[in-house]
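So the protein sequences, as listed, match chains F and G. Residues in the first sequence are numbered consecutively from 1, following this note's numbering. Residues in the second sequence are numbered consecutively from 1, following this note's numbering.
Bear in mind the hints are in silico, worked out from the structure with no lab data behind them. Note that the coordinates shown come from a computational prediction; the quantities given were computed from them, not determined experimentally. Note that the Cβ used here is the ideal one computed from N, Cα and C, for glycine as well. One or more of the hints may lead you astray.
Claimed, not checked - Partial pick of chain G residues on the chain F-facing surface, computed with a CB cut under 8 Å: (1) L82; (2) P108; (3) H145; (4) A149; (5) D151; (6) W183; (7) P185; (8) R189; (9) W206; (10) V208; (11) D226.
What the hints assert, rightly or not - Listed below are the simulated DSS-like cross-link pairs for lysine-lysine, each with C-alpha atoms no more than 27 Å apart in a straight line: (12) G:K112 with G:K267; (13) G:K112 with F:K17; (14) F:K211 with G:K267; (15) F:K255 with G:K255; (16) F:K211 with G:K255.
As the list claims (entries may be wrong) - According to the in silico footprint, chain F covers these stretches of chain G (three or more CB under 8 Å from chain F): (17) 31 to 39; (18) 50 to 61.
Each chain, letter by letter, is given below.
There are 2 protein chains.
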Amino acid sequence: MATVETLSLNTATVRVKWDLRQIIEGCQRHAIRGISPWRDQVAAIGLDETARLIRAAGLTVTGLCRGGMFPAADAEGRRAALEDNRRAVDEAATLGAACLVLVVGGLPPGSKDIAGARAQVRDGIAATLDHARRQGVKLAIEPLHPMYAADRACVNTLGQALDLCDELGEGLGVAVDVYHVWWDPEIERQIARAGRRILAFHVCDWLVPTKDLLLDRGMMGDGVIDIPRLRAAVEAAGYLGMNEVEIFSAETWWKRDPDEVLRLCRKRVVTSV
Amino acid sequence: MATVETLSLNTATVRVKWDLRQIIEGCQRHAIRGISPWRDQVAAIGLDETARLIRAAGLTVTGLCRGGMFPAADAEGRRAALEDNRRAVDEAATLGAACLVLVVGGLPPGSKDIAGARAQVRDGIAATLDHARRQGVKLAIEPLHPMYAADRACVNTLGQALDLCDELGEGLGVAVDVYHVWWDPEIERQIARAGRRILAFHVCDWLVPTKDLLLDRGMMGDGVIDIPRLRAAVEAAGYLGMNEVEIFSAETWWKRDPDEVLRLCRKRVVTSV
């Protein structure tokens, strides 16, 4: 099992009741050493202030969520996405984030052309990568569960993400989230293939039944994912980073006292990751 | 686009308001030439009576739903599943079904061992295949969308299903349902690999947003799947069978007048398949 020192908190896990300043304080109070904030939360308290607070708290920034969302219905939309991704890269640099997580985007409105969307994603990442390299920011493609192919990310397997990494080269890696990849019969083989290109490792659990496609993720240990097996695989591949807890849970964890949630995360990272 | 003569009705599409006898009458009334019944509906009116009604109506049986559900927590459970699959094979033979569709099953209760479940699926299919060959019934593995990996089917890509076909040999093929496979970046390549092993082709659509993991499938044309592209691919691979409409839709189509649903299926198979 993992040690509590490897725990990083993706701020989505407690975002409903706390703003980012409270989350950073919560991490300190619970001796959580890593954080992965979302850009809207950063904007709410200011980028420089966020960077200052995180430095003062001594937190490792395991990622910034998120860049991506490249496909668009027209050239103007694609250009706007690229500009937003440049800003996201700059923010990741300011925060000293280990990576900028890319949720690449799905089908443009009205489109059924998933191959076309995938081509737009490739072009968008390629364009962003130039700027990211100059800034020293690594980009992490997060393959999302296939149930998000239409509306969130048309990169849906680790193998597909690694094909993009092979094509586009240096500075590009992957974020492996157990929720998105646990079902994949190729997962062990693709994790080994990824090697040091694994830039982040996200944990939560798949509940049975799952009541909502987006907001019903489980606490580690409450579902069916063999998380220790996947963690062992990413570590065997050379991953030396933290275990980032990211739980979207409108009806359960988002309703609880965030201090209770953080205490449980500390326990579960040891017993169930 | 497809012609209306290729339309087959999976009886789940109108199962809430009609029993199987009414569905067969509905197919006649709407000049629908194929049917794929579910075993519980067959049992409700009797196997021999079902066979008689279907013969009298001149319907092609494009499949029987369903065998599978092989993994179990203990040997007794696995043995019971094999016995049930033998019965399903016999029923498919009696009905003259083009195939017995296999929804292979997910994790046994309490288990997180998906590799173990997959091994149980392989063994279960192998054991069933002997009997199916003697009966002249083809078995069609239906890879299910990865969101069903835990509770319904741990075979989640066409490639994975074809690996099983390669291993287990003659008499085994696949059912390709656009809902389950449309997102797969490998899908065209795997359809070509499948070739004549495609025993059934199921159509419906993926809605955005999808409000329920199981019961919110869309009518062809109402979602984001490029169905004609997939149909062209299966036909290019050698598939000569019908286009089977299977829509689970608790809040929309199951609430409508089934005659209205069948009229719309006839239209949409021509405009959107």
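Q. Regarding the hint that G:P185 lies at the interface with chain F, is the smallest CB-CB distance below 8 Å?
A. 5 Å, holds
Q. Holds or violated: is there a CB of chain F closer than 8 Å to the CB of G:W183?
A. 4 Å, holds
Q) Are G:K112 and G:K267 close enough, with their CA atoms no more than 27 Å apart? A) 44 Å, violated
Q. Regarding the hint that G:D151 lies at the interface with chain F, is the smallest CB-CB distance below 8 Å?
A. Holds: closest Cβ of chain F sits about 5 Å from G:D151, inside 8 Å.
Q | Given pair status - G:K255, F:K255, alpha carbons within 27 Å | A | Not OK: F:K255 and G:K255 at ~34 Å, beyond 27 Å, violated.
Q) Hey, does the G:R189 contact hint survive, CB to chain F under 8 Å? A) Not OK, violated: G:R189 not within 8 Å of chain F, min 12 Å.
Q. Do the alpha carbons of F:K211 and G:K255 lie within 27 Å of each other, as the hint requires?
A. Cα-Cα ~21 Å, so holds.
Q: Establish whether the coverage given for the segment 50 to 61 of chain G by chain F is satisfied; the threshold is a Cβ-Cβ distance below 8 Å, and no fewer than three residues must meet it.
A: With 0 residues in contact (Cβ-Cβ under 8 Å with chain F), the coverage given for the segment 50 to 61 of chain G is violated.
(Q) Does G:K267 sit within 27 Å of F:K211, going by the straight-line distance between their CA atoms? (A) Outside the cut-off at roughly 33 Å; violated.
Q. Holds or violated: G:K112 with F:K17, Cα cutoff 27 Å?
A. 32 Å, violated
Q | When the least beta-carbon distance from G:D226 to chain F is tested against 8 Å, hint result | A | 4 Å, holds
Q) Regarding the hint that G:H145 lies at the interface with chain F, is the smallest CB-CB distance below 8 Å? A) Interface hint status for G:H145: holds (6 Å vs cutoff 8 Å).
The earlier numbered hints that this structure contradicts are 1, 2, 8, 12, 13, 14, 15, 17 and 18.
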